[in-house]
Structures are given as C-alpha cells and as structure tokens.
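Asks: Last residue of the sequence shown: number 273 in UniProt numbering, and the count goes up by one each step with no gaps.
I should point out that these hints are in silico values taken from the structure, not numbers from a laboratory.
Check the hints yourself; a few may be wrong.
As a list, the in silico DSSO-like pairs of lysine-lysine whose alpha-carbon atoms are at most 30 Å apart [as the list claims (entries may be wrong)]: (1) K152 - K80; (2) K63 - K241; (3) K152 - K241; (4) K241 - K55; (5) K241 - K80; (6) K63 - K152; (7) K63 - K80.
Just so you know, these numbers come straight off a predicted model, no measurement behind them.
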Amino acid sequence: MSDTAGTANSGRVYAPENDHAFPDERVNEVLDLVESDPEIQAYLDAQNVNPVARKRYNDHGAKHISIVRNRALCLYDLLKAGSVQFNGAADQGLDEADEPVIIALAATLHDIGHVVHRDEHPYYSIPLAADVLDRVLPEFGFYDTEARVRVKGEVLHAILCHHTPETPLTLEAGVVRVADALDMEHGRSRKPYEQGGRGINTVSSQAIQEVSLETGDGAPVLVEIEMTDAAGVYQVDTLLKAKLTDSGLEDHIRIVAVTTHSADEQLVERVEL
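Starting from the given sequences, assemble the full structure and let the hints guide the process.
Replies: Set out below in structure tokens:
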C-alpha cells in the first residue's frame, strides 16, 4: 500500500515488509483484507461523490484513505520508536499488536459517512463502520467475542474524534486525527480545482508540494511541509494545527513548513508550530 512509489517516500509510506517499532503481524493481515474486501472498496469509491462531484471539495475517496492510512502508520511507527506509550488498546486489556490494527481500521473507515452527506460525516460514519467491523473482525483468528467488542469500540472512538469537537481520549485516535490533516498536498485538490473550485481548502492545498514524516530532534516526530505559495499556510496553521490541538500528541510532534517558491517577494518563508 502506498500513495506514491519508490524508496524516497519512506517517511510517507508504510511498508509491511519492513521492520517496525511494534508487533506488525496482525495489522499486516488486516491490511491484506482491507485491500481485497469488495464492500470496503465500494465505500471508498462511493464516499467521494458528495465531497468532490457535488460540493467541489477535496478528495475523500480511496486515494485519500490510502494516504491517511499510510501516514497514520508511519506516524505511529515513529512515535513507538520514540518510546511514546499508547493507551487505547492497553486500557481495554488488548495487546500492543492491536494498537496499529485500531489505527489502520479507523483510518480506512473514518470517511465512509460521506456516502450520506459531507456535513457531519463522522457521525454518519459510526453506524456504517460498525456494520463493516461486525462483519470483518470475526474473520481474524486472533480475536474472540470480547476482544472484537473492545477493538470495535476503539476504532469507532477514533473515527468519531477525527473531525468533531469530541476530544480524543486515546493516542490511537490522536494519530488518526492528525494523519487525516497530513493529506494536504496539491494532488488532493486537483479535480475540484480543475472544475472551478476556488474555496480556501482547494486553493491552499494547491500550494502544498510535499509532506514528509521523519525522526525529530527534541520530539519523536518531525513533520516537514514544502509549500510553493503562502496560501498553504491555511493548511498548516488552521487545519493541521486544529487537528493537532487536543490530540494528545502536541508534545511529540514538531511541524515545520517552508515556502520554496522562487519569487522575489514572499509573504511567508517559514512557519513552525
């Protein structure tokens, strides 16, 4: 699974075959199922109609989900390597190996409520995701009935908190919330921009060239954002900052955005959160 190809994107793409700072067998099995499940793939296609075709908003389909899931797992891996202790699975008496499962499933299903409406979509995602989870979790041999209930609850919690006023109560939910905002590059807004969409979300996304996640200095994670125009500041200082606030990860992530456009006059050269 990747949003782009090549080893140059190691800070953006989760590679199941690589070594990780966490037990990865369960999440890799989950990822295999997600990629081949017809119902999940149908949702990922259908959920893009309301935001893009009807509202000329940024992409919320399969491409967005792939990027968010990749970055959520990369972010989680860097945090685990930095000895950050997660609490969601642990509070439920689940295994450490269930932390990335919760993150991966929540990242996959967080936007399916768009098939109902863009507005208030996280609340519509909850019952739809619950139905999918009730069907797919029994397919894994490592969960009994009690574990399935607990994993399901944690996944739904992360989905709810990704784009609502509800404060994430787990770091797993915080990872999904922040990763959702890390899909901000110009490719995400290409279709609405070409169709005439000129809202601030579309225009600001067009200014973001690249996002990368690396090991930080003084914090476990460094998020580097390359902008070609100061309009990208909206993505960083408004959208990403809002998602990071109250995520539980504020002290673990450093964000630096740099404008690389070569024009003589630049309103903003560098922003750091």
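Asks: Which numbered hints turn out to be false for this structure?
Replies: none
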